[in-house]
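Number of protein chains: 2
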Amino acid sequence: MIIEKKSDTTILHRTAEDAPSWWKNWLVGSRLATAESSHQTINKKIALAVFASDALSSTAYATQEIMAILALAGTAALFYTFPITIAIVILLAIVILSYEQTVHAYPNGGGSFIVARDNLGNLAAQIAGASLLTDYILTVAVSISSGVAQITSAYPEMFEWRVPLSIVLIGFIMLVNLRGVKESGSIFAVPSYFFLVMMSFTIIVAMVRYFSGTLGTVPNPPALELIHTAQVITPFLILHAFASGTTAMTGIEAVSDGIQAFQQPRSRNAGITLLWMGFILSTLFLGISFLAVQIGAIPSEGETVISQIARTAYNGQGWLYLITLASTTAILIMATNTAFADFPRLSSWLAIDGFLPRQLNYRGSRLVFSRGIVGLAILASLLVTYFQASVTKLIPLYAIGVFLSFTLSQGGMAYRWWKIGHLSPNEERQERGSMLRYEAGWQYKMVINGFGSFCTAIVTLVFAYTKFWDGAWVVLLLIPALVSVFSYIYRHYQNLRGRLSLKDYTKPRRITRRRVIVAVAGVHRGTIEALNYAQSLSDDVTGVHVSIDPVETEKVQHTWEEWSDGTRLVILESPHRLLYEPLLAYIKDVLAVRQPNETITIIVPQFVPKRWWDNLLHHQTALRLRWNLLSEPGIVVTDVPYQV
Amino acid sequence: MIIEKKSDTTILHRTAEDAPSWWKNWLVGSRLATAESSHQTINKKIALAVFASDALSSTAYATQEIMAILALAGTAALFYTFPITIAIVILLAIVILSYEQTVHAYPNGGGSFIVARDNLGNLAAQIAGASLLTDYILTVAVSISSGVAQITSAYPEMFEWRVPLSIVLIGFIMLVNLRGVKESGSIFAVPSYFFLVMMSFTIIVAMVRYFSGTLGTVPNPPALELIHTAQVITPFLILHAFASGTTAMTGIEAVSDGIQAFQQPRSRNAGITLLWMGFILSTLFLGISFLAVQIGAIPSEGETVISQIARTAYNGQGWLYLITLASTTAILIMATNTAFADFPRLSSWLAIDGFLPRQLNYRGSRLVFSRGIVGLAILASLLVTYFQASVTKLIPLYAIGVFLSFTLSQGGMAYRWWKIGHLSPNEERQERGSMLRYEAGWQYKMVINGFGSFCTAIVTLVFAYTKFWDGAWVVLLLIPALVSVFSYIYRHYQNLRGRLSLKDYTKPRRITRRRVIVAVAGVHRGTIEALNYAQSLSDDVTGVHVSIDPVETEKVQHTWEEWSDGTRLVILESPHRLLYEPLLAYIKDVLAVRQPNETITIIVPQFVPKRWWDNLLHHQTALRLRWNLLSEPGIVVTDVPYQV
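Chains A and B, in that order, are what the protein sequence lines are. Position in the first sequence (from 1) plus 1 gives the number in the numbering used here. Position in the second sequence (from 1) plus 1 gives the number in the numbering used here.
Hint data in this document are derived by calculation from the structure and do not stem from the laboratory. Heads up, a few of these hints could be off.
Identical copies carry no separate label here, and so any pair may be met within one copy or between two of them.
EDC-like cross-link-like pairs, simulated, lysine to aspartate or glutamate; straight-line CA separation at most 16 Å [unchecked claim]: (1) Lys394 with Asp471; (2) Lys504 with Glu563; (3) Lys508 with Glu530; (4) Lys589 with Glu633.
Produce the entire structure from the sequences given, and follow the hints as far as they go.
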């Protein structure tokens, strides 16, 4: 204990903390001190696993979702799957290059929220924040649902257990994340590389067999689940399929969000990881789409396209098939980790800026933002339950938020380059969160970011247009709704800060009169304890009893006289049997004659039963009085507990 | 205001009450004073309408439910409907005669609960109470569902709205009952007599046409909803149908429950009402069952038997048909009134005896037990929603509780006569609630009550046996569960009374030391107000700040020095960023050295935002501390509100 003595104020520093309960320790690990924070960084190989799992895992469903739309026009339309995939890969390359620039410009973390806020202002930041929060929840719901779909492809008898299974998996990821980022990193490295190896191997085997002419088509493919009126192939249908396929790009912003978790030199390491991720993602996506068309795979809720490719490549459901599916399930489940890392971090940034409740910036005992993690798990579980763990039903809601935030982030970067280009060569300027410094070649960089932003803006519009009635409207309403909530909270905190400020505040008058009122329902041990406390606070104590039953009142009067040492008792007649209203009316009468230097303390005896639910058996007078008197200045409601 | 002065205690009597809000006045009527209570009685004609509506209305579904069971063995089995009805009417006559004796023995209200408690003890009373509470809820659910079924018989397009319609109707009855018993009496007299007239008229028309040979059979009867494997006629099936038909007898106990609402001479008026009710009920039930078989009515969810009889009697769906159905709907809806009168009354009796929470004995501003009324409406709405307003699905749960309570009540009466028979001729004895006085002819009365009890006991067993798997098991589990809850609550109150008693209690030592701790999250206007209040309570004030962020702590220290007039500040270092745990640990250290004549008051500054939901944006420190410190004696947690 350190004692400081400054002027006439004594300040004691003291370290005091209870040990956490053993079960909490076992579940989420021992507490980490704030000072241990900077050690929680990861190297490039683990970072690739942690930050790329979301992006890579989307290859498990992106091809299938393209085909599910094309199949509306019959199996012939499935031919367009591969050209659409190529278009998406080109878009991916543009966005990856654009983000590589962001990673260098924002070495401390350049998520869409921060880039939009620093360069485009509060409204853009709020839109980006709302879009991303929505999409993180959907990432968890879609990835888990797709992971469970892989399991039910191999074991169809598990199909009816898909929802509870999904929720158990979400709970597992939640616990892993509550332990903190580094440990979750090590856990996630294994499944990511496992998937990479198994999927590459499957694609190579299938390719070799395809070019040697021994691959053939899917044996016993699932039935095509056709809507009754088959559609014709229209530009709308192609755009719709393209929009569904862009889900392959979800997750690539994870690297720029999480730069702080990289080892030094952060930006360089993050940039290299990003390029690697783009390369691997493109290769897998192209391979899967190519093979899916060649083997005549059919999109189905019952069996995933990955399962169809694997059993065609390996000639049936042997152990290689099972391992491939297991690795796909594993990466899909682990993919949610990205969302679990980013959602709480983004929430905390929003909380710091005053757009979300302060509590979200409170780090748990393991240095992670525990409340955000738990909140994400609950919201994703609700979504999975509502949509019955169907990827195809979730997809129309998904990705629109991601593309909106891509657009804002890259737009912000482009504007930033324009500002940098208009600085004089050695000028530096601090603008909001970041430092602007002249750089040669800004025109070139502005074009890359600007073109990326333009492309993703187009995709966002395509998405909104083609998927509006399938479910995108929900998200298009939700984002402005969230922005309104952010603004409301922001105004609340701003307003409060002003009203609580000590600037121009004069200290209130010293309180010299204390009036104490004790609520007396009956005279028993708890009442006497409360009266004793009341008498210690003031000499001006009044007991107040609301009389409903004259017999009861007679008894109260009698016992009060015996035990109260002459304290005044007011009996409030309640001809209409009301309990609280007469008491409130009396208190308000007393308040009406309160002087500025006077406080009124209402004391309510409250017995504390051994079990909390026993409270339901008693009137909660203190709660009710406090609630009704909250807006009255100069009054304090205190319940004096009496342990039964 | 009256001032009394006894010894050294001043007692003030005072009448203080706020006016109720205008909308509450408009919805439930102006407040009634307790003194107005005795005026709330009703004459025989209104009493018949109020207390018989439940019993009479059951004729609207009893016949149909007999037929629904018999139809499992094909339309030929429907022949047994009338013989079964005769058997039920005989049973009814026995029970009515038995209850007529109860009405005279208990002029202040002789519900099954009271009769069982006075004569058979607490356990029987609890079983009777549990059975009746369960059945009142089911009465509301069944009656409303059947009423809505009459509407959907006439207007099949309303079928899909049956659940919301039911809930709206329950809400309406709830409001009427919140206004108080007399007004609801007048409202309910009209529909009860309306039903009586219309149903009698329909039966007479049909009978005249039947005996003149012009009645014929139902045109276009609904299809028989057969279970695939048709059953054969077995004694089990007949017993099962009989058990379903006994629902006709539900509601006859209402008169003995509600004797206090009758005008003087209460017992005589109630007895006459009871006999009239039995006569009318038997006549209607026999008439409906006879006609239903003769016209070849088919039990169906789509069209009620009443609807089939009415459109056969009136040759189609003309205005007489519609008026008959309207009157049936009206009495069914109004029938729930009996449950709404009895459920809250029974709850209050259970509360007085300490089997249910005290709050249920709190009368509302209109002299009715408002909480019981609202509770019943909520529970019945949940049942209706769960069973989709299907009478046939609800029936297996229904009536078993009624028959169990019939058995206990009449058994109690029989035992009472036995005790009376063993008194000496002029002896009087007070036993529990009632006075025993020798009566000639007690043997005769004992036989009537005993035989009634025996018959209803048999029916209860038949019910439990034939309907066990259809749903009766739910009730057979629920009743013991409720009895356990009653016992738990009873023990809690008994226990508490002992522990709060002032017998052998010595007054606690006068408090001479007061220590005050102010929780300081940040130093702002609210903190200063709280500090000001703290300083008024004691000279021993300590501010406590939990330090998570050193920069923030520096600021708190600085501002504290400036504003605190030299009050001590303790800084608790929290290396693991915990907020509450260090504070709690500190408080427990302080408590460890507390002296018996010392209290510790924890003061938490709490700002009161304008809108209650803004509280979600702030840590609820006081709540959390109070919760954690409830079990510690000598400590009081107070939040000092600061109005923003």
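Verification of the hints:
In the homo-oligomer, the alpha carbons of lysine 394 and aspartate 471 lie at most 16 Å apart inside one protomer (8 Å), although the nearest pairing across protomers, at 38 Å, exceeds that limit. Only between protomers do lysine 504 and glutamate 563 lie at most 16 Å apart by alpha-carbon distance; the minimum there is 12 Å, versus 52 Å within a single protomer. Taking CA atoms no more than 16 Å apart as the test, lysine 508 paired with glutamate 530 passes between copies only; the shortest distance there is 8 Å, against 34 Å inside one copy. In this homomeric assembly, lysine 589 and glutamate 633 come within 16 Å of each other (Cα to Cα) only inside a single copy, at 9 Å, whereas the closest approach across copies is 32 Å.
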